[in-house]
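Undergrad: Here are the chains, one letter per residue:
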Amino acid sequence: MNCRSEVLEVTVEARQVEEAMLALLHTILLHRSTGKFHYKKEGTYSIGTVGTLDIDCDFIDFTFVRVSSEELDRMIRKAVSEFKEALSNSGSDGIGQISLEFYQKKKSRWPFSDECIPWEVWSIKVNVVNLANEQERQICREKVGEKLGEKVINVVEVINRHEYLPKMPTQSEVDNVFDTSLKDVQPYLYKITYQITDCLGTSVSTTMRRLIKDTLAL
Amino acid sequence: MDSELSPQDKKDLDKFIKFFALKTVQVIVQARLGEKICTRSSSSPTGSDWFNLGIKDIPEVTHEAKKALAGQLPGIGRSMCVEISLKTSEGDSMELETWCLEMNEKCDKDIKVSYTVYNRLSVLLKSLLAITRVTPAYKLSRKQGHDYVILYRIYFGEVQLSGLGEGFQTVRVGVVGTPIGTVTLSCAYRTNLAFMSNRQFERSAPIMGIIVDHFVDPPCSSQRPANMGQPCNYRAPDEEDGGQFAGVQDSQEVCNTSFSTSPPSQCVCTLSPSPSKLSKPLPLDSLQLPLAPGLVTHTVLHTGKEGGVVLVPAQPPQGADTHLTVEHAPNTPGSSGEDDGLSQSGEGRRDDRRSVSPSDPVESLNAFTRKVGAFVNKPNTQMTIASLDLPFAAFAPRGLDTEENDPMVHPPESPPCLSPLQGSLHSEGSEGSGPQDDFVMVDFRPAFSKDDLLPMDLGTFYREFQNPPQLASLSLHISSQSMADDLDSLPEKLAVYEKNIDEFDAFVDMLQ
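First to last, the protein sequences are chains A and B. Sequential numbering from 1 applies to the first sequence in full-length UniProt numbering. Sequential numbering from 1 applies to the second sequence in full-length UniProt numbering.
These aren't lab readings, by the way, just hints derived from the structure by calculation. Please note that a few of the clues may not be correct.
Claimed, not checked - Cut-off 20 Å, straight-line C-alpha distance, at most; resulting in silico cross-link-like pairs (SDA-like, lysine to any residue):
(1) 41(A) - 46(B)
(2) 112(B) - 183(A)
(3) 147(A) - 170(B)
(4) 151(A) - 44(B)
(5) 40(A) - 115(B)
(6) 40(A) - 44(B)
(7) 143(A) - 139(B)
(8) 139(B) - 150(A)
(9) 41(A) - 47(B)
(10) 139(B) - 138(A)
(11) 106(B) - 163(A)
(12) 147(A) - 169(B)
(13) 11(B) - 73(B)
(14) 11(B) - 72(B)
(15) 106(A) - 170(A)
(16) 183(A) - 44(B)
(17) 147(A) - 171(B)
(18) 40(A) - 43(B)
(19) 493(B) - 133(A)
(20) 147(A) - 191(B)
(21) 143(A) - 127(A)
(22) 139(B) - 41(A)
(23) 167(A) - 11(B)
(24) 139(B) - 141(A)
(25) 151(A) - 170(B)
(26) 167(A) - 108(B)
(27) 109(B) - 163(A)
(28) 36(B) - 54(A)
(29) 147(A) - 188(B)
(30) 147(A) - 168(B)
(31) 167(A) - 110(B)
(32) 143(B) - 146(A)
(33) 139(B) - 146(A)
(34) 112(B) - 164(A)
(35) 112(B) - 161(A)
(36) 143(A) - 143(B)
(37) 143(B) - 162(A)
(38) 36(B) - 183(A)
(39) 112(B) - 162(A)
In isolation and in its complexed conformation, chain A is listed as follows (with noise of 0.2 Å):
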């Protein structure tokens, strides 16, 4: 089975990429999470429901939806903070890169531990500029919003072309295909890594490391 694989593109200044992170991020796990299965005899499962929430930017002219779960948001915003940190710490350039990634889990026998197979992955490419003045910073709160709807518009195209998604799980199964640590919502298995690309175009990458410490955490 592939991996499908989509990159977006933004250009955005400092304090305006935790809200775009989060636009982009939320709108995605929006398609992707469903409500809670309720298993129930004869292997019937019922689906609980998605609520939504409309989010203003502060920094940005742009308005986004996102599910309505304060425990889903916690984790993306503890994500981005952590990216927009190590964005802020590796030095002026400003070129990062967040992913997120969906993935089934596959059990192995001992001792190796389950295996992740990603079977959907979006990487937000992120270029942070510096601006000079209020008049092109209000500009700039324009046109990210235009950009940002641009890219809300490409993400609801590759969605919507219905290609691989994991088939339904039983309920032994269930954990191997989303996240059911939630307690009114139910994503698809997903992790958020990052790389940021100091300025001299050497990759400092931390990817390496989380995989390994969420692979052993498992």
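Using the hints, position chain B against chain A.
TA: Same frame as chain A, but now just chain B:
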């Protein structure tokens, strides 16, 4: 070509498409209400949440949608369209976007109706939620209220995009293949907002109040009606209030969808009817439509927005030549305030509604007789300003002059003046009538002055001091310079303030 589709599947598919259409309309209209939408997730499924999404059902919107569909389903050649338009307080209107739910012939025979189609329709609704916040009309709708309102209109049949102007763009929200055709959802939106840039949306009190007439679709739904549609505003009914229309659960059906995973190829889908049948929808005659013609309602009255005063005529329309509510219960303005439904929330605002003098609404209503004959004009009493020999003649009640002669609508071309008398001064002594080409020298007779004996009387005073030199600090040149300086020095100032943040906090604490 649905011979391979089992009757149960066909029935389910029709139901899915019907509810998908209704939910689509809800999402679109709610996205144009001008406020942020928030619904809760619920881990336990409730029977009424179609497509497992928390999308509220505004009863009036459902009613309009069902009226447009008239028992049919979107099909090949029969599209369901939601048209969003803007109407200014001056009565001009413009179509902003048209959302189309269409069906084409491309069938996907192998797809599982009760499972895959259902889930894909759910994803499509999520996409619609996201895309409705991205098109230009969203930002316009968030700012609606004082200067303009957003209206919606649902129609069924052929898609009409001619009202969107040249160069309109299309965005496809998504497609879902079904055994009987492919459902497509798209939006065509206007890019040429030139009409709007010519208008001045200044934050000043409107000349007239904002009015929203309740328009009716013509009997022939395939024709484009000349009217505009429903306003995008909504006040959630109070808890005890059942609302005037059928509630969330559609007439008799509840979505109790359950899915099976064992074995994976089988899908069990149960859609059970609701145990309690809802009461029949009320007959139209007895409905008190929340918006009767001539009533003035407002769309958004949030704090932070320009405080839209809701003007309600203190007197009921006289000789009302309404095309709509003759058969309805009389909607006196007084009672309209209590109508739930489409008047905006903000309970405190209701009190503002009556604080309007009788002359204003009548004036304002006359300006809006353009589209539908909501009110019959009173016969014009031909009083011209010149015949009035009064001070403050410009404000004398003049009955119902037409707009062209109304100096309040078309002020005389003159520099900003401090008083109506000065205004008449600047127009060379003409007594307050409309823009003139000829200057007529008339004796200037200011009010309350005796213009005979005193050496320095009021008239002389006016003449001598009517053109004072401009204050230096108000000159544009200097003010723009200082503005630029101010902006440039902002970052430094902010840095200083941030450094002294403790001092400021201490100061604030001291004040409390």
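Undergrad: Compare the structure with the hints numbered earlier in the document and write down the numbers of the violated ones, lowest to highest.
TA: 2, 4, 22, 23, 37, 38
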